[in-house]
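One point on numbering: in our numbering, the residue at position 60 of the sequence shown is 60, and numbering is uninterrupted.
Heads up, a few of these hints could be off.
[Claimed, not checked] Label pairs and their in silico Cβ distance ranges: (1) Arg-185 x Gly-65: 47 to 55 Å; (2) His-288 x Gly-181: 16 to 24 Å; (3) Ala-162 x Gly-84: 44 to 52 Å; (4) Leu-147 x Leu-122: 16 to 24 Å; (5) Pro-220 x Pro-66: 24 to 32 Å; (6) Arg-46 x Arg-159: 33 to 41 Å.
[Claimed, not checked] Below, a list of computed lysine to aspartate or glutamate pairs in the DMTMM-like style, where the Cα atoms sit at most 20 Å apart: (7) Lys-134 x Glu-225; (8) Lys-134 x Glu-69; (9) Lys-139 x Glu-69; (10) Lys-137 x Glu-225; (11) Lys-134 x Glu-248; (12) Lys-317 x Glu-217; (13) Lys-137 x Glu-248; (14) Lys-82 x Asp-100; (15) Lys-218 x Glu-248; (16) Lys-218 x Glu-69.
Hints were generated in silico from the structure; no laboratory data involved.
Just so you know, even glycine gets a beta-carbon here, dropped at the ideal spot from N, CA and C.
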Amino acid sequence: MAHAETDTADIRKTPAPGGKMTFWGALLQNGTYQAVSGALFKTQRRQFVILASLPLFWIVFANLGPIVEMFWIGFLDSYPPKVGYEPQFTLANWAAFFQDRVFIVPFFRTLAFSVIFTAITLLITYPVAYFLAKHVKRKNQLLFLLLLLIPFWVGEIVRTYAIMILLGNNGAVNLVLKSLGLIDRPIPFMYTGFSLGVGIIYLTALYMLLPLYSALEKIPNNYLEAAADLGAGAWTRFRRVTLPLSREGIASGCTLVFLISTGYYATPVLLGGPRSTVFAETIAGFFHVAGDQWPMGAAFSSIMLITTLAVTGLFLKLMGRGGKGMMR
């Protein structure tokens, strides 16, 4: 604080070229400005409130605001508003979810797909993150990360079409298998749970990789060296040292991938088939039709949000307990 006051005093005393006082010097000597700034920034708490007000405003009105409105619309019997009609409060939109199997099946299929794809993404990206963090020289790690980031510079649709080109009947995979003499006719990869899984894993891999890399990179190498000196083998070092110390990265990566996977819409539409319809497609159907279907879509969206948050919270709680157990 003393240093800041000294700087302010220097600004007040420093004249502009030609002997005239600068604008900021004149402003600092203004009585009204001094009174207002003194009242606003008198304490550190006031300074924090002023600095945090804009981010908090953004979080509340740009993030939480639409979610709260979505919950509210889910309890209405009609939306968008109609001239001369006052929407009524109802629970029918929420009850409809439990009354028809056509809604429940895609819901649980989405949860199952998301859990499976999250686990596979973890198994695929963990070795990559470990290699980057422990076997690549520090000066080259940023270069490797940038190479992995390049596909994510384009949008979801473009990357999804890349998967379609790769897995199509005349795509690279079938052409390679045919050239090797392993197949006579193209394998129908597309519009199955397999193609959907490849697309989701490809789109979400980076969200798993970065938290894992960040956690693994922070593990001191002397921990592993000390364990080796005490006679611990490679598997024991991984199970007792590396894995417990990277559990925060695992928790963060799995949470991100799971939450993102449950909300994907375009990729399942383009890559999935009739037997891999996800809940996002069901929800979108309510908003694509005319009439009073928006409230039901909002209610179904709220059900998915509540469920995913509950599953995520349970997973994080179990990870916390499991991590303590592994450290013993």
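Looking back at the hints listed earlier, which ones does the structure fail to meet? Violated hints (numbers, rising): 2, 5, 6, 8, 9, 12, 13, 14 and 16; every other hint is consistent with the structure.
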